[in-house]
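Enquirer: Protein chains in written order, with this note's numbering: chain A, 1 to 137; chain B, 1 to 137; chain C, 1 to 137.
Read the hints as simulated data drawn from the structure, not as lab findings. A hint or two may mislead.
[What the hints assert, rightly or not] Partial chain B-side listing against chain A, Cβ under 7 Å, derived: (1) T6; (2) T9; (3) G13; (4) T34; (5) N49; (6) P52; (7) S99; (8) M109; (9) R110.
[Said to hold, decoys possible] Pulled a few chain C residues facing chain B out of the computed Cβ check, cut under 10 Å: (10) L32; (11) T34; (12) S69; (13) S70; (14) M74; (15) V98; (16) R127; (17) L136.
Only a predicted model underlies this, so the values are computations on that prediction, with no experimental measurement involved. All C-beta atoms, glycine included, are put in the ideal place defined by N, C-alpha and C.
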Amino acid sequence: MQTEFTVTTRGPGLYEFTGEVAGWLAGQGDGLLTLFVRHTSCSLLIQENADPEVQRDLRNYFHRLVPPSSAPEMAYLSHTQEGPDDMPAHIKAALLPVSLSIPVLRGRMRLGSWQGIYLFEHRNAPRTRNVAAHLLA
Amino acid sequence: MQTEFTVTTRGPGLYEFTGEVAGWLAGQGDGLLTLFVRHTSCSLLIQENADPEVQRDLRNYFHRLVPPSSAPEMAYLSHTQEGPDDMPAHIKAALLPVSLSIPVLRGRMRLGSWQGIYLFEHRNAPRTRNVAAHLLA
Amino acid sequence: MQTEFTVTTRGPGLYEFTGEVAGWLAGQGDGLLTLFVRHTSCSLLIQENADPEVQRDLRNYFHRLVPPSSAPEMAYLSHTQEGPDDMPAHIKAALLPVSLSIPVLRGRMRLGSWQGIYLFEHRNAPRTRNVAAHLLA
Numbered sequence: 001m002q003t004e005f006t007v008t009t010r011g012p013g014l015y016e017f018t019g020e021v022a023g024w025l026a027g028q029g030d031g032l033l034t035l036f037v038r039h040t041s042c043s044l045l046i047q048e049n050a051d052p053e054v055q056r057d058l059r060n061y062f063h064r065l066v067p068p069s070s071a072p073e074m075a076y077l078s079h080t081q082e083g084p085d086d087m088p089a090h091i092k093a094a095l096l097p098v099s100l101s102i103p104v105l106r107g108r109m110r111l112g113s114w115q116g117i118y119l120f121e122h123r124n125a126p127r128t129r130n131v132a133a134h135l136l137a
Numbered sequence: 001m002q003t004e005f006t007v008t009t010r011g012p013g014l015y016e017f018t019g020e021v022a023g024w025l026a027g028q029g030d031g032l033l034t035l036f037v038r039h040t041s042c043s044l045l046i047q048e049n050a051d052p053e054v055q056r057d058l059r060n061y062f063h064r065l066v067p068p069s070s071a072p073e074m075a076y077l078s079h080t081q082e083g084p085d086d087m088p089a090h091i092k093a094a095l096l097p098v099s100l101s102i103p104v105l106r107g108r109m110r111l112g113s114w115q116g117i118y119l120f121e122h123r124n125a126p127r128t129r130n131v132a133a134h135l136l137a
Numbered sequence: 001m002q003t004e005f006t007v008t009t010r011g012p013g014l015y016e017f018t019g020e021v022a023g024w025l026a027g028q029g030d031g032l033l034t035l036f037v038r039h040t041s042c043s044l045l046i047q048e049n050a051d052p053e054v055q056r057d058l059r060n061y062f063h064r065l066v067p068p069s070s071a072p073e074m075a076y077l078s079h080t081q082e083g084p085d086d087m088p089a090h091i092k093a094a095l096l097p098v099s100l101s102i103p104v105l106r107g108r109m110r111l112g113s114w115q116g117i118y119l120f121e122h123r124n125a126p127r128t129r130n131v132a133a134h135l136l137a
């Protein structure tokens, strides 16, 4: 069973779509869920969905770990023609997951109490992102 | 076929549980193993299990890459109320795997000669960690 | 259905093998592809395959993020007897994927337009690397 989720983004940060995934799985039995993001400048992430500060801190940490290519310390980068946020986005996409595999029991993902599923956007401009989903039931 | 592994931790570092997983798989046929950690402040990791220095160096590298939120250079973090090791633990959980997928042949994981499976704990206090496991046989 | 891909490397950097994987899948139906690298000093990576500068920039970023153990700032590392590129290779293998899960539709991976599959080599000396593949059809 396969589908595709769409996540609309408005700049760098985490966009939760746990509810959409849970809705698609409802009524299914046991199985294995795979999510795969079909882009090279955003990521998937499982993270705490209790305190929104966690999501802000994550965005800010990765912005410091991989500064825009216009920053002096990033002068060694050569792929800069698509904007200062482009090559850092590729680097963040290497550091963060492109796919997630989650066991499913009686139609429910075996997430921990505080785990949510996020699309982590790395580009500045608004985007529409596609996540391929596969359920092995 | 699904189960859950429990790993007891005593502070930051790598805790191997390859043997427990191998034991569960023994007697099975071909398939695909998925491990998924049900927390946002620890990780799964496949790493060298020959020299314990590798595991110590990994812990120390990640401690430097993501210092405690009490460190001056981390003053921009706002999620600090659960202790100086909490937000760094979330960041490390973003940088390291939450799920692992390993092909299985005749009941044995297709690990390389030096690969072991670890729970990478990021919190200071002792914890009991749960890893969901799914075998598609 | 299982197989193994071999990637020959000549020093740090990204080696694409999307074509080999696509060839193996051709003629298959729907399913889930899992790739798993059987080493602890190289990685798998999905990245842009349009501009080779992206691949060079990625290699250079990770070289700066994890310098050779002979660099002064890495003096705290103790696993150094296998060469200055060895422990950094283990660290990069922790930061980058060991396994990838990709949904397959009518024998084709659901990759985005610019996504290619790479072996990311972290060691300096030439190597032969093995990637286990599992197709659930």
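Enquirer: Each of the hints needs a verdict: does it hold here or not?
Expert: To see whether the hints hold, each was checked on the structure:
no.	hint	result
1	T6	violated, 13 Å
2	T9	violated, 15 Å
3	G13	violated, 21 Å
4	T34	holds, 5 Å
5	N49	violated, 22 Å
6	P52	violated, 26 Å
7	S99	holds, 4 Å
8	M109	violated, 15 Å
9	R110	violated, 16 Å
10	L32	holds, 8 Å
11	T34	holds, 5 Å
12	S69	holds, 9 Å
13	S70	violated, 14 Å
14	M74	holds, 9 Å
15	V98	holds, 5 Å
16	R127	violated, 12 Å
17	L136	holds, 6 Å
Of the numbered hints stated above, those contradicted by the structure are hints 1, 2, 3, 5, 6, 8, 9, 13 and 16, listed in ascending order.
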